[in-house]
Amino acid sequence: MSSVEVQHQQPEPATSLIPTLPGAHYTDPAIFEREQSRIFQRHWFAAARSSDLSEPGNFRTVDVGGESVVIVRGRDRSLRAFLNVCRHRGARLCMEDSGTVRRSLQCPYHAWTYGLDGSLVAAPNLNSMHDVNRDEYGLVKVALREWLGTVWVCLADEPPSFADTVQAAVSGRLGDHETIEEWGIDELVVGRRITYDVKANWKLIVENFMECYHCATIHPELTEVLPEFADGYAAQYFVGHGAEFGEEISGFTVDGQGGFGKLAGVGESHDRRYYAITVNPQVFINLVPDHVIFHRMYPMAVDRTVVECDWLYTQDVIDSGADLSKSVELFHRVNQQDFDACERCQPAMSSKAYAAGGVLVPSEHHIGEFRDWVADAISD
Amino acid sequence: MILVGAVSEIPAGESVRVQGQVAIAVFNVDGEFYAIDDTCTHQDASLSDGWLEGCAVECPLHAACFDLRTGRPSGPPARKPVRTHEVVVVDGQVYVHETIGTEVEVVGAVAEEVA
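So the protein lines, in turn, are chains P and E. full-length UniProt numbering puts the first residue of the first sequence at 1, with every later residue one more than the last. full-length UniProt numbering puts the first residue of the second sequence at 1, with every later residue one more than the last.
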């Protein structure tokens with residue numbers, strides 16, 4: 001799609017400028033708490049890459065909606081998630097971000113001991129407490145799904161339909177249910193992971209990822225590879241549209257050269273194009289012909305978000321010992337440029353100048369849907 | 001003699017707890033049955049809830065390991081052995097013949113090993 005066609009496709013908006021959320025939504029700890037309980041505890045949350053937990057006993061702890069969740073692979077090789085809280089006196093079971101246990105999750109306080117399936121296996125003197133039904137004191141389960149090689153958890157007692165939320169967000173952007181399968185994301189392996197500790201509210205990062213109005217200004221390398229981004233329309237402005245590589249570009253790399261062979265499943269119509277998908281509330285996926293870039297955002301405070309970014313390649317590329325640096329460097333620079341911009345905005349969110357918020361230009365109007373989704377979620 | 005149950009009800013790698021003068025844990029190790037006192041000598045925990053490793057059971061609380069054939073702990077944190085009990089299988093039924101007396105005879109030897 002050429003830039004001319006892009007512009008012709010856009011109907012003239014009734015109003016060029018529409019409002020953003022007010023500044024307080026990015027700075028007020030009370031609003032952040034509300035988002036924790038209303039958004040992050042109620043929706044599916046991408047917590048980890050499944051391969052982070054490849055062996056029985058591997059665990060990861062993740063903060064979700066203000067709760068600590070422990071995800072562990074059982075001896076039956078199934079993944080399960082639990083609230084990371086001992087049912088006895090409430091001590092946190094696993095203090096480490098990740099690790100391996102042999103057979104059980106044991107509270108370091110009084111040694112209440114849980115199987116990797118969450119059942120209470122043993123506790124000191126438990127056998128002399130004949131009235132205790134140990135089935136009632138297993139770890140509190142958290143719903144878990146695996147999709148796209150990703151572990152998704154949901155703290156809600158009755159999670160929303162995974163198909164109607166997460167999978168619908170992906171198919172809604174790509175235009176159908178099948179296209180995402182072409183990249184075979186669950187079979188790809190992590191070639192590189194970079195974790196960014198960003199001093200900005202999570203919504204600034206999501207909103208930044210959704211638009212490309214900034215691309216020509218802060219992303220010179222990306223705009224070189226994807227010339228249409230200079231027009232300011234992000235891939236997420238459209239349904240089923242991939243931004244096309246420039247004519248001189250041979251790969252999605254920092255200098256536009258090299259790259260790896262197209263993934264076997266990616267069809268010709270998706271070759272030499274870049275697709276981007278945001279899945280509310282905290283996932284950003286980039287699809288290019290030879291790899292996938294998968295961002296998981298972890299809101300830690302109203303003004304701090306940890307972003308874990310995986311660059312995913314085929315096992316063959318990894319096994320070949322190929323140099324990934326040019327491939328990784330392109331989006332690593334984009335990330336740094338984006339997060340610098342978000343950190344530049346964060347202090348200004350509490351300014352008198354931004355009390356009523358800012359504005360979205362036409363090429364950013366689709367952010368209005370995210371704005372309304374957030375506002376609805378936290379309203380009474 | 002205490003009836004534990006049918007052989008078919010205690011699969012290999014599994015254990016059953018029965019009540020004698022004290023609780024007794026019965027283990028099926030690849031078709032061979034062993035019985036020991038169920039309570040760990042380190043802290044009150046049920047060894048039948050523990051994990052079988054070959055011919056030993058590991059206490060679920062603090063990983064004390066007891067040899068099912070001798071009742072001896074392999075090392076700290078347990079220092080005292082558990083009693084062992086004779087197991088017999090008659091007509092497909094598993095029985096335990098509880099060792100009389102609660103004192104264990106090999107305390108001295110184990111204390112020496114563990115020290």
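Bear in mind the hints are in silico, worked out from the structure with no lab data behind them. Owing to the predicted nature of the structure, the values given are computational and were not obtained by experimental measurement. Treat each hint with caution, since some may be false.
Unchecked claim - Here are the simulated SDA-like cross-link-like pairs (lysine to any residue), alpha carbons at most 20 Å apart as the crow flies:
no., chain 1, residue 1, chain 2, residue 2
1, P, Lys326, P, Ile218
2, P, Lys199, P, His332
3, P, Lys199, P, Asp28
4, E, Lys80, P, Lys326
5, E, Lys80, P, Pro124
6, P, Lys141, P, Lys199
Stated by the list, open to error - Simulated restraints on C-beta separations:
no., chain 1, residue 1, chain 2, residue 2, range
7, P, Arg102, E, Asp91, 52 to 60 Å
8, E, Glu86, P, Ala156, 18 to 26 Å
9, E, Gly20, P, Arg75, 29 to 37 Å
10, P, His88, E, Gly75, 46 to 54 Å
11, E, Gly13, P, Asp271, 34 to 42 Å
12, P, Ser68, E, Gly5, 40 to 48 Å
Ideal Cβ positions, reconstructed from N, Cα and C, are used throughout, including at glycine.
Hint check:
no. : hint                            : in the structure
1   : P:Lys326 to P:Ile218            : 19 Å, holds
2   : P:Lys199 to P:His332            : 17 Å, holds
3   : P:Lys199 to P:Asp28             : 14 Å, holds
4   : E:Lys80 to P:Lys326             : 62 Å, violated
5   : E:Lys80 to P:Pro124             : 17 Å, holds
6   : P:Lys141 to P:Lys199            : 32 Å, violated
7   : P:Arg102 to E:Asp91: 52 to 60 Å : 39 Å, violated
8   : E:Glu86 to P:Ala156: 18 to 26 Å : 54 Å, violated
9   : E:Gly20 to P:Arg75: 29 to 37 Å  : 31 Å, holds
10  : P:His88 to E:Gly75: 46 to 54 Å  : 28 Å, violated
11  : E:Gly13 to P:Asp271: 34 to 42 Å : 52 Å, violated
12  : P:Ser68 to E:Gly5: 40 to 48 Å   : 42 Å, holds
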